[in-house]
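*Asks:* Below are the chains, spelled out letter by letter.
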Amino acid sequence: MSLLAMSTAESSLWSPEWLPRLPQRLVEMLLRNCHAPDWLVTLAGYAVAAGTVVAVFLTAFALLSLIERKTLARIQNRLGPNRAGWFGILQPVADGIKMLTKEDIVPAKAEWFLHLMAPILIVVPSMLALGVIPYGREWVPVSLDLGLLFFFAVGTLTEVAVFMAGWASGSKFPMLGAMRAISQMVSYELPLIISALGVIMVTGSLSLPAIVEHQGTYHLGFIPAWNVFTPWGLTATLVFFIASIAEANRCPFDLPEGESEIVAGHMTEYSGFKYALFFMGEYLGLFAISGLFITLFLGGWQAPLPGLTFVPSWLWFFAKLVAVIFTHLWIRGTFPRVRMDQLMRFAWLCMIPMALLTIPAAGIWVFTGGGLKGWLVIMPLLLIPWLILTTIHNRRLAPQTRTYTFADS
Amino acid sequence: MNLFGKWRGHSASRPGSGQNARATIGAPPRWSMPGLGLFKGLVVTARNMMQSYYRKDRMTTVQYPEERVTISPNFRNFPFLCYDGDDPVAGLRCTACSICEKECPPQCIYIVLDRDENGKSLKRPKLFDIDISVCMNCGICAEVCPFDSIYMDGQYEMSTTDRFGGLLLGLDRLAKSADYHLKLRPLEASEVAARRKAEEAKKLAAQAAKEAKAKTDKEAKAKAAAETQTAATGKGETA
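Which chain is which? The protein sequence lines are S and P, in order.
First residue of the first sequence: 1, per this note's numbering; consecutive thereafter.
First residue of the second sequence: 410, per this note's numbering; consecutive thereafter.
One thing to keep in mind: the hints can contain errors.
Below are the SDA-like pairs computed for lysine to any residue, each with C-alpha atoms no more than 20 Å apart in a straight line [unchecked claim]:
#1 Lys535/P - Pro497/P
#2 Lys70/S - Lys632/P
#3 Lys70/S - Lys465/P
#4 Lys611/P - Lys622/P
#5 Lys449/P - Leu72/S
#6 Lys449/P - Thr391/S
The hints are simulated quantities; they were obtained by calculation from the structure and are not laboratory data.
Between the sequences and the hints, there should be enough to build the whole structure, so can you do that?
*Replies:* Structure (structure tokens):
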């Protein structure tokens, strides 16, 4: 098959919808023309697809590190980095050079192998998780039937890497940070996954492209049928978003690396490139969890209005990603860090019960067939427990008096 | 029999201890929409961010090397020596009296008096060094100076690559004109200038008066001498 024949056979190849997959298609075409075996073509195609994702998100990471500092600066009425290049556009380059040229220190008491593996293990799961997200109608790097399960499975690995870093550093602050990370993971992984269950129930599939396809219609001709626009979905969206902040170790749940208390938490004993890898892993994890959030609740790559489908679907995905990431920055610039007991209390008293309630709510939504009837039935089911839980949670508590039974006598 | 009385005894008196449950304090907070406070916080930061783009009074950053804030006249750090006129050597007000050298708490001033070949004081410093790496910016030298010569400077960019020479200020770097002082601290400098002018005028007047007095004295003396002479001659004549 000649190149011309192939390009005519796939006329959509050159459309903007296909643009992100162009490198992959070109490499596959080239290999096929060289009569390479099928397994090699598939392998090379996946490698190029993965390379595209990594390239896109590493660029996004570099940009985000600048945009985050700029946004936080503006929120605090400062200017932010503006020295390196035009409006500080070269700041990520300067940071990268600085990180790469720094001395790589391994503490004498560290377990050097685990100490080395931890930063690698924190980046790899984030990249793996990024691989299953449908970025566009035609751009799903790896389309898995159990994509959601895969995402949660590899997403949890980052916490293991955080604990590994804390343990292997052989020092007290990393250890404290790691222990905080573990307790935070146990508390917030639950509502994160439980709130995603409603989506699975309604869609009837664990495949992420199928979940996006399911949100593709419009109510009344203009309200997109995204999961966020349902009563159970709204609750699940809030719970998932809050839990995703905790999962990404971001303010106000950045206890594992609380600068004011435990230096830098699990990153205390790291320097140079390894430290940069931790940052990269954190930001890639943020991208991944935000991407999943968009896929599950905000309609993935679906256009917000039926008339806007002429815009390539992956552009819609990235527009939503920018909005979600900006919300993360906004929250970071607004709220102070919570205390450990507040974190636990909030997770177990508010988040998990509300996440659990979205499951029957989603079931009722499906059986009532949605619409106004669904809203009327589900809203009391969610609102009343929410009011009760928040009232219990917002009680003003007396500081606990501590009795030192042995020291005083 | 209370087996644990020894350990429980003093904690039993405290309210809320003994059981694990935490007591609530005060009146229950007035009910408000849960999450409303968080939303208000978000609105505050959003307003901060938006207004930072168009409201000048929000952005207080001064981008230092390019722009500087005008320093207050009350800002004082290292001393300088004031001179009148254009010549930093001839117009120097300093008379090398060494009062500042003696008063300086960290002893960072070093003065050598200039003398002529006969060993007579020329009332000016041959050497006037201030080691600003030792100086503690107290301003005592400026306060004790009776000749309006030494003042505290407003210069703050004093960093140098030369630790020793660069921080040892000699006469060439210490001497600054009265105009500089006027620009740096207009109120104080104009006051000093007015006082000095008045003193100068007074001194001139005194000198003039002294000269006039000397002249009259001289004249009177001469007159007296002439009188005695004539008297003497007249005596001789009579004798």
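*Asks:* If any of the earlier hints don't hold here, list their numbers in rising order.
*Replies:* 2
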